[in-house]
Amino acid sequence: MILALETATTACSAALCAADGSVVAERFASAGPAHSRRLLPFVHEVLEESGAGWDEVETVAVGLGPGAYTGLRIGVATARALAQADGRVRLAGVPTLTALALALSEAPEAAVGGLLVPLVDGRRREVFAALYERVDRGLRQTSGVSVVGRDDLAGWLAGCGDAVVGGDGAALYRELLPVSARPAAGIETPTAAMVGRAVALGAPGLVHGPDAVLPIYGRAPDATPRAAKPGAVARPGGSA
Amino acid sequence: MILAVETSCDDTSAAVVCGREVLSSVVSSQDTLHAEFGGVVPEVASRRHAELVNVVVAEAMGRAGLAWEDLAAVAVTQGPGLIGALLVGLATAKSIACRRALPLIPVDHLQGHIAANYALGVQPPFLCLVASGGHTLLATVEEGVRYRVVAKTMDDAAGEAFDKGARLLGLGYPGGRELDELAARGDPGFVRFPRAVPRGRGFSFSGLKTALLYDLREREPAEVEVHRADIAASYQAAIVDQLVEKTLAGAAREGLRSLAVAGGVAANSGLRRALTEACEAQGLRLSLPPLSLCTDNAAMIGLAAVHLPALPWPDYLDLDAFASDAEAKAARPPRKRATRRPS
Ligand SMILES: [Zn+2]
Numbered sequence: 000m001i002l003a004l005e006t007a008t009t010a011c012s013a014a015l016c017a018a019d020g021s022v023v024a025e026r027f028a029s030a031g032p033a034h035s036r037r038l039l040p041f042v043h044e045v046l047e048e049s050g051a052g053w054d055e056v057e058t059v060a061v062g063l064g065p066g067a068y069t070g071l072r073i074g075v076a077t078a079r080a081l082a083q084a085d086g087r088v089r090l091a092g093v094p095t096l097t098a099l100a101l102a103l104s105e106a107p108e109a110a111v112g113g114l115l116v117p118l119v120d121g122r123r124r125e126v127f128a129a130l131y132e133r134v135d136r137g138l139r140q141t142s143g144v145s146v147v148g149r150d151d152l153a154g155w156l157a158g159c160g161d162a163v164v165g166g167d168g169a170a171l172y173r174e175l176l177p178v179s180a181r182p183a184a185g186i187e188t189p190t191a192a193m194v195g196r197a198v199a200l201g202a203p204g205l206v207h208g209p210d211a212v213l214p215i216y217g218r219a220p221d222a223t224p225r226a227a228k229p230g231a232v233a234r235p236g237g238s239a
Numbered sequence: 000m001i002l003a004v005e006t007s008c009d010d011t012s013a014a015v016v017c018g019r020e021v022l023s024s025v026v027s028s029q030d031t032l033h034a035e036f037g038g039v040v041p042e043v044a045s046r047r048h049a050e051l052v053n054v055v056v057a058e059a060m061g062r063a064g065l066a067w068e069d070l071a072a073v074a075v076t077q078g079p080g081l082i083g084a085l086l087v088g089l090a091t092a093k094s095i096a097c098r099r100a101l102p103l104i105p106v107d108h109l110q111g112h113i114a115a116n117y118a119l120g121v122q123p124p125f126l127c128l129v130a131s132g133g134h135t136l137l138a139t140v141e142e143g144v145r146y147r148v149v150a151k152t153m154d155d156a157a158g159e160a161f162d163k164g165a166r167l168l169g170l171g172y173p174g175g176r177e178l179d180e181l182a183a184r185g186d187p188g189f190v191r192f193p194r195a196v197p198r199g200r201g202f203s204f205s206g207l208k209t210a211l212l213y214d215l216r217e218r219e220p221a222e223v224e225v226h227r228a229d230i231a232a233s234y235q236a237a238i239v240d241q242l243v244e245k246t247l248a249g250a251a252r253e254g255l256r257s258l259a260v261a262g263g264v265a266a267n268s269g270l271r272r273a274l275t276e277a278c279e280a281q282g283l284r285l286s287l288p289p290l291s292l293c294t295d296n297a298a299m300i301g302l303a304a305v306h307l308p309a310l311p312w313p314d315y316l317d318l319d320a321f322a323s324d325a326e327a328k329a330a331r332p333p334r335k336r337a338t339r340r341p342s
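Chains as they are written, first to last, in numbering that gives the first Met the number 0: chain A, 0 to 239; chain B, 0 to 342.
Hints in this document: simulated from the structure, not taken from any laboratory. Be aware that a few hints might be false.
Claimed, not checked - Which bits of chain B does chain A cover? Going by a derived footprint, with three or more residues having C-beta under 8 Å, they are:
id, region
1, 29-43
2, 49-63
3, 73-87
Stated by the list, open to error - Here's a subset of chain A near chain B, in silico, CB distances under 8 Å, partners left out:
id, residue
4, Arg79
5, Asp85
6, Ala211
Said to hold, decoys possible - Partial chain B-side listing against chain A, Cβ under 7 Å, derived:
id, residue
7, Ala90
8, Tyr213
9, Leu287
We put the CB at the ideal spot given by N, CA and C, even for glycine.
Please take these sequences and the hints and turn them into a complete structure.
Laid out in structure tokens, this is it:
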């Protein structure tokens, strides 16, 4: 079975999926307390509910982002440490946009050959986006990750042509979407179940192992080298 | 055997501790990473922790020659510190403990610094000078890691005074260590910088920093160049004098004959020498941890954990980190209050 985690947005979820990608047990919260307080209880609960022991978990998978940095790191650190302390399970990661795109490809709104555009809220009035195409059996990624400003979103999407869109970025900027961008009903947030399914079906961008399962931040950290240093703080740990 | 993880600032560290014996201690410093920014950039630090923490844990387990089955508990710094950095260590420690169904011991960073002294076999009660970039205080340690703050800084921390002084003197980052090295070659009597307010209990360093600024301003650049080591030595002597004087006064007030030091500033060679001499002169016992246990490290978290209550699996799964002491209460859900933690 696949134990999947997704923490790239304000939502937090864990799911236990069978080898075919179907959901065995799932916990999801769209908002609420911090990911650090919700994620591991969710992991514990899906295992308890399914009656599965760690022995039955073959893969620990996590959505890699891009998304909100802190949540992303909690998800990735949790998956990495669970796999490390297990020693036997496979560690897998899927770009969160890919997991969303796969869900979009299975939505009734999608057609073979059609364009799929998952949008994840990147805060700072920006969204993370990438282009995918629904192919005969699954999904093909046709662009890298773009960071699109709120004010450019309508024009950028209109330039993509007819597309099915989804994700919390699409929900957040719903009134900005051009007519050519049709939101898929009910696909407003990336979930652990989508991540588990993307792993089961071998979606594009799927990676394995601790060297590869690291957050996709989508942006460089805000920091300017010496002289101007708004982001830098004194070292609370102390030097000297 | 306890696996400890500490990621509160810019050092990624893990250690294995057995009682007061440190079986392994691994610290991956990010100093060079942050040097170009002239300070720790929280997001940069958090990203690095996320890349390194599992490697550092594996190294600590390997050096101790342990398998997961050998662990009795996992300890982790819960706060205070940079929240994004803390959360990487906390998620890692909780997940390892969860997967192995082990108890988790959340540790306060300051208690960790104090507990570093237990590796040397110090016996409470003792007075501990905790001096780092974030703290400067005197704590009376009554038992284990339970302490009472009897004096603290009224403005800057001592480590801040070292780092800011180093910056004014044109030294690199983090400057405390460089300042220490430079001061060793200088004349501490070259400039008479202001000392502590004689009657106050607390520490104060902001006036000293200003005095250094004015002193450097009044000198010709060429003169500063020639006397940089002398000025550094004089500045360091003023910090050290104050730390030593207030610490001894605090010990006398508390009626304690046993002293200890903790925190990054405790690695300063000038302070170590002056405290050793002062304690010898007064017949006081002094615990001076090795440098590796003074700067941030996970071994001290493991040493503190021995004295703290463990949260049984799975009671800690929703445990959160806290950035400051003010947030510490909120991070502890009410039902966990039964497992008291000394403050
Ligand atoms: Zn510290």
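Each hint tested on the structure:
no.: 1; hint: 29-43; verdict: holds (count 10)
no.: 2; hint: 49-63; verdict: holds (count 6)
no.: 3; hint: 73-87; verdict: holds (count 7)
no.: 4; hint: Arg79; verdict: 5 Å, holds
no.: 5; hint: Asp85; verdict: 6 Å, holds
no.: 6; hint: Ala211; verdict: 12 Å, violated
no.: 7; hint: Ala90; verdict: 4 Å, holds
no.: 8; hint: Tyr213; verdict: 22 Å, violated
no.: 9; hint: Leu287; verdict: 15 Å, violated
Hints 6, 8 and 9 from the list above are not met by this structure, while the remaining hints are.
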